[in-house]
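Chains as they are written, first to last, in my numbering: chain V, 1 to 270; chain B, 1001 to 1270.
No wet-lab data here; the hints were simulated from the structure. Take these hints with a grain of salt, some might be off.
Residues from chain B that face chain V, not an exhaustive set, calculated with beta carbons under 10 Å [claimed, not checked]:
id, residue
1, Thr1035
2, Ile1074
3, Asp1099
4, Thr1103
5, Pro1157
6, Thr1266
7, Leu1269
What you are looking at is a predicted structure, and each value in this text was computed from that prediction instead of being measured. All C-beta atoms, glycine included, are put in the ideal place defined by N, C-alpha and C.
Protein chains: 2
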Amino acid sequence: MSDFGARLAAQVAERGRLCVGVDPHPQILQEWGLTVDAAGVAECAQRMVEALGDLVAVFKPQSALFEAYGSAGIGVLERFLAAADKAGAMVIMDAKRGDIGSTMAGYARAYLSNDSPLAADALTVSPYLGFGSLTPAIQLAEATGRGLYVLCRTSNPEGGQVQLAEAGGRSVAQMMVDEVNTANGDRDPAPFGLVIGGTLPTLDVDLTGFTGSILVPGIGAQGGTVEGLTELFGAAAGRVLPTSSREIMAAGPDPDSLRRAVVALTAELG
Amino acid sequence: MSDFGARLAAQVAERGRLCVGVDPHPQILQEWGLTVDAAGVAECAQRMVEALGDLVAVFKPQSALFEAYGSAGIGVLERFLAAADKAGAMVIMDAKRGDIGSTMAGYARAYLSNDSPLAADALTVSPYLGFGSLTPAIQLAEATGRGLYVLCRTSNPEGGQVQLAEAGGRSVAQMMVDEVNTANGDRDPAPFGLVIGGTLPTLDVDLTGFTGSILVPGIGAQGGTVEGLTELFGAAAGRVLPTSSREIMAAGPDPDSLRRAVVALTAELG
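So here's chain V without its partners, still in its complex pose (with noise of 0.2 Å):
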């Protein structure tokens, strides 16, 4: 299997731009006329990938929201992953992991190995432990050509509480691009890269040189736009991959109208 970054930048050439989020929020299953349960999630998740998975590059998966139903809801898991594959889109699992050493490695192997059920294109992580302690699930992806996205800094109001505090004149968020950086090496499209949140009033990191992609959640429903994704990123705008979850979500669950949303909006990003 060739590197994730290729095979990312090649899907985009593709199919466009966009990542579509599968967030199946207790809400959005009411708004599709579906019981909030395993049932529930497993026709969201199935309908989803029926209407879109021919048709957008990468799916990104909210674990939590699968999780919250136990074995069954991880079942459901499985089987989006599975057909995912087979309609030909990427899938992003979202799930921000992050340990040290065996129990790492543990969640790489769920994630980022050949032969697990829950085997992911790429997976999120979160540093909070420090970067290096994301080493088992970067020598995982690098064996089996899968990517990592690295937490670096969110648009939550409270995000800045960690990602902004510094030490040696850095913060952590910019310690986070500074680390990828050299993880990637120069590889280009490289296959570890980061998430930056679409809605902060600055881009406070940068990303000069960076050669990874940009995961940005939250485009369309959370108050991110086309426009703004220019402007915040400027000359890294190229790397970002938006992804929206409720705009398209909201469309369903017909599938010509799930279909209308992801074309219209993948337009939009040109």
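Given the coordinates of chain V, assemble chain B onto it according to the supplied hints.
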């Protein structure tokens, strides 16, 4: 259901201060003569709860090592939770979850709601997105009498990168101490605790007045000693919930050996 802090205190008074990690690493499975798959993990978890469920105060299963086997592994975790509850042991789910808004609420429902198959007595959470991002978990824990352990200061070598970064003259780790203190209010024992490493050279956070419990992993195999705990935590040592996994599990799978290992370490903890 009474408050987690009060329940934990009563449990510790009756059974002693030891928390036993349930970490079915591949290596442990092999040492126990089990297969490295969901069936092996199921056998391992069942033997742990059968041997120790009426003896130990608290179990701490490591979610990663169940997730590595997908929905089958999560099914094992559900059965373990039910069996531990039936045997009278409390469970802290070590999953280090963290997200924002309605996604954090999804994690809270998964691990802290009364009707979830994955509900535990408490959950470990990660504050990279800011302490405020954990609010949905705090609210649900308050409503259901459950607890949270917030990652604060870990003893892995790379832990200081984020945890010792500073803003306004305070380290990120100290901010977490102060935030959890505020969430606990004047309760003592309080429901919200901290995760702090037991092998730090010095305690670089101020725990004065802290009334939650302090989950300290790695007693025994990872180098933490009982004497070291008193030395490191000083006046706060009485708040520590020492956790041992490998030292206990290495005594298995024989139930009597497992019990002897727990009794010996519990006695040492005083």
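Results of checking the hints against the structure:
1. For B:Thr1035, the interface hint is violated, the least distance from its beta-carbon to any beta-carbon of chain V being 14 Å, above 10 Å.
2. A hinted interface residue such as B:Ile1074 counts as satisfied when its beta carbon comes closer than 10 Å to some beta carbon of chain V; here the least separation is about 4 Å, so the hint holds.
3. For B:Asp1099, the shortest C-beta to C-beta distance to chain V is roughly 6 Å, which falls under 10 Å, so the interface hint holds.
4. Look at B:Thr1103: its Cβ gets to within about 5 Å of chain V, closer than 10 Å, so that hint holds up.
5. Against a cut-off of 10 Å between C-beta atoms, the interface hint on B:Pro1157 holds, since the closest Cβ of chain V lies about 7 Å away.
6. About 24 Å separates the beta-carbon of B:Thr1266 from the nearest beta-carbon of chain V, more than 10 Å, and the hint is not met.
7. Of the supplied interface hints, the one on B:Leu1269 is violated, with its beta-carbon coming no nearer than about 23 Å to a beta-carbon of chain V, more than 10 Å.
Violated hints, in rising order: 1, 6 and 7; the structure is consistent with all others.
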